[in-house]
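K.L.:
These are the residues of each chain, in order.
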Amino acid sequence: MQSVNGLVGHGALLLALPFIALGIIAVPVAVNRGRRDWLEIGYGAVYANFALMTAAALAMISALVTHDFSVSYVAQVGSRETPLFYTIISLWGALEGSILFWAWVLSFYGMTVVALNKSRVGNLVPYAAMTLLCISLFFAILLVGPANPFGIVSPVPQNGPGPNPLLQNHILMAVHPPLLYLGYVGMSVPFAFAVGAVLSGEAEHNDWIKVTRTWTMASWGFLSAAIIAGMWWSYEVLGWGGYWAWDPVENASFLPWLTATAFLHSAMVQERRGMLRVWNLNLVVGTFVLTILGTFLTRSGIISSVHAFTTGTIGYYFLAFITIVLIAGGVIVAGSSDKLRSRGRLDSAASRETVFLLNNLFLTGFMLTVLVGTLFPLVAEAIRGVKVSVGGPFYNRMTLPMIAALLFLMGVGPALPWKIASTAELKRKLIPPAAGAVLLAAVALVAGIHDPYGVLVFAFVGYAATANFREFSIGAGARRAAHDESWPTAFVRLVEGNRRRYGGYIAHFGVFFVALGVAMSSTLRTEREATLQRGMTMQIAGRTLRLQDIWGREEPQRQVVGATLEILNGNRVIGTLEPRMNFYRTQQEPVPTPDVRSGVLGDLYLNLMAFRPDGSSATIRAIYQPLVPWIWFGGGVVVFGAIVGGWPTARRRRAPARVPVPTPPSPPPAREPEYAA
Amino acid sequence: MNWRRAGIAAVLVIPVVFVFSRGMKTDPREIPSPLPGNPAPGFALAVFAPGQPPLERPIGDTVRLADLKGRVVVLNFWASWCLACRDEHQGLSAVARDYTGKPVQFVGSLYQDTPGNGTAWIAEMGGQSYPSVNDPKALTAIDYGLYGVPETFFIAQDGKIARKITGPAPPAVLKHIIDSLLTTASP
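Protein sequences, first through last, are from chains A and B. The first sequence maps to residues 1 to 677 in this note's numbering. The second sequence maps to residues 1001 to 1187 in this note's numbering.
Quick caveat, the hints were computed from the structure, so don't treat them as lab data. Don't be surprised by glycine CBs; every beta carbon is placed ideally from N, CA and C. Keep in mind that a hint or two might mislead.
[Unchecked claim] Sample of chain A residues lacking proximity to chain B, with all beta carbon distances greater than 10 angstroms (derived):
1) Arg-36
2) Gln-76
3) Lys-118
4) Asp-247
5) Asp-338
6) Asp-549
7) Asp-614
[To be verified] Looking from chain B toward chain A, a few residues come up when the C-beta cut is under 7 angstroms (computed):
8) Asn-1002
9) Val-1013
10) Phe-1020
11) Pro-1058
12) Thr-1062
13) Glu-1124
[Claimed, not checked] Just a few of them, taken from the derived set where beta-carbon distance is under 8 angstroms, the chain A residues facing chain B:
14) Gly-151
15) Pro-155
16) Asn-159
17) Ser-300
18) Tyr-316
19) Leu-319
20) Leu-326
21) Val-333
22) Gly-335
23) Ser-337
24) Leu-378
25) Glu-381
26) Arg-585
27) Thr-586
28) Pro-590
29) Pro-592
Only chain A is shown next, with the shape it has when bound in the complex (with noise of 0.2 angstroms):
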């Protein structure tokens, strides 16, 4: 007997197939015959698989509330003792899910591009929307078929286990995953408007980079808060003192990052110079690309992670989906790049232009290496039948250079102008910044890091930092003098009439308080690690540690252990600490709750690795970290630069300062062939 929770679920899931593939078919009737009838249509479609989604993900989520176990995917995830909270995320705990979430965020961006972009002339965004559709079908194929959250228990059980132990033991659950659908589905849109500029013949045209451009932004800002989640929630949860260790599933949401970023960079050589076509088309359909290999990696089955569930047949049906996505953005892509000659060159070495090739460069070099050691291991057992396993060194020694190389470039890109720059202009731009490079690397040395790349960083860093600095106090200070504003104000409206480019120079000094965290943290970890009693003390980076006391609880989804320990300062207690262990009952290793005193300059990390169970003794793992809140700050400045960049300009025209002019109504824009010519 299907409880209502499970009838309306699957009813929904059910009723999108016919939607979605009558959109898939309206789209091409419409443009082909000329039929604006049928594009609505297809636009009606759209916006049904978003009501039909959120009616199966609001139904899930129903169930979960009210434990109706009837239900599978409740049976597998729930349980009456998991606290509401994490009851509801556990929406995105398990494998149908995640699918359904996914399914969801598909279909509201597909719903948004459809929604600000119908107005638009040409046949682009109905393409992009059949795109999309196309996309939403594979995953409402999975939802009816191998991943059915709604499949029906029977006898219904009283209880069930409760999601995975890791994925309900700590608030940033809420957090990462969301924002990574978001970055991750989100990546669909440029695939979808790439594919739409290829069909209808507008990828000649720089209109659609431009669009494209924006939503990659917003996806872009998404993904990149969803890695530095994911790291920091790695970071509290796992009990380790690390943040990221190049586990295939981590490589997985960092790839399509990496091509993302490289395209954000290069769109701008596309629409300033015309040049770089194919290669941007390359970028879009290939961060795609990624996501889908992502997503098919850790839900197949086919490599092992904290990411990967428990699945049946659902790989099999990735590895078509994900063959079709590969021969149709390799059919796209080879296809059309006759048509896309280049239109502009290269003018000289020292433009901006070069900078962003070398850019473009390294972050596709940086793709491929994090490429080759993710799929290493497949490839290895497909073809030599061993299993191998590709580890830290290899990536850090491969990925440091071109890391440091980067860095460099995030200073002398901004400095350079487009086309050309004279030897005066590169003497007056590139040698200042010099002394931010000598400053920190001195700092670094000063710090202790004797590691030739730690000190490279801290230089880069500080070159760059100067560099992008440059740009805003050199801009900020022809504004003072040009219209006698102060400081702050000159500030703001710089950044305000060139949000794109000053957005851009944010999120570099998001990356830089990035590295520095990870090359500081990287370098200097100190770790102790000791069996204490009662009263007794132990020593990391200056401070001392004594254990006060050892408790138990007992919670309704689980039994916690947990040690208090006071942070001393000389004889001062400067503070206290709780590193806990959790024991849930469906599993037999104990997670861990690491507890963190972050300071501005480092953490100190405290994790409680054993104890004895008369509550005698306890053994501490102590870990000072320098710097690492950096890494967390430079995230939140990375989205914050993404924010300033990638907003939508509002359409109205800012009057000049002072001097209120009325606008003149601006003329239609001249525009692409007429709809359905």
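Given the coordinates of chain A, work out where chain B should sit on it, guided by the hints.
P.N.:
Below, chain B alone, put in the same frame as chain A:
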């Protein structure tokens, strides 16, 4: 459209798909286990659910692996909170019944659960044909290096672990393994 280039791009997809499809055939979670081929860790656990005639054992009776030499032992770890255990339950019970009278012993071992929950679950699922034992503190599960529930171990007549299945055990696979163990040892 340049179809030649498009065709080349499409052909380039083949090796990628080949690698992925090969990857699909191997289970990344099949952690090479040192157990198969080695003597099974001994256990002595008390029955909490008797099972049904003719396979029943009285409640409180101790099942000792040492006493089961000469029989094929199918040791299935399960729990009432485990959804996948529901999937395999019917099949396990039926296959156990099929081997009545043969030198095969099915044992269910309750993992991280209470006998009360276990008994209620068995009743809800319509009974279990073979006995289940309780594994307090999951010590036996630890000895067997349990990856998760359900997990099924096949112990040959000589007391060595022959195979293990992680996840629900399909009846056909169960029968195939049991049959092969019975035939190899019979001559």
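K.L.:
Hints first: check each against the structure and report whether it holds.
P.N.:
For each hint, the structure was consulted:
no., hint, in the structure
1, Arg-36, "holds, 27 angstroms"
2, Gln-76, "violated, 5 angstroms"
3, Lys-118, "holds, 27 angstroms"
4, Asp-247, "holds, 13 angstroms"
5, Asp-338, "violated, 5 angstroms"
6, Asp-549, "holds, 25 angstroms"
7, Asp-614, "holds, 16 angstroms"
8, Asn-1002, "holds, 5 angstroms"
9, Val-1013, "holds, 4 angstroms"
10, Phe-1020, "holds, 6 angstroms"
11, Pro-1058, "violated, 27 angstroms"
12, Thr-1062, "violated, 24 angstroms"
13, Glu-1124, "holds, 6 angstroms"
14, Gly-151, "violated, 10 angstroms"
15, Pro-155, "holds, 6 angstroms"
16, Asn-159, "holds, 7 angstroms"
17, Ser-300, "holds, 7 angstroms"
18, Tyr-316, "holds, 7 angstroms"
19, Leu-319, "holds, 6 angstroms"
20, Leu-326, "holds, 4 angstroms"
21, Val-333, "holds, 7 angstroms"
22, Gly-335, "holds, 4 angstroms"
23, Ser-337, "holds, 6 angstroms"
24, Leu-378, "holds, 4 angstroms"
25, Glu-381, "holds, 6 angstroms"
26, Arg-585, "holds, 5 angstroms"
27, Thr-586, "holds, 6 angstroms"
28, Pro-590, "violated, 12 angstroms"
29, Pro-592, "violated, 18 angstroms"
In summary, the numbered hints that this structure violates are 2, 5, 11, 12, 14, 28, 29.
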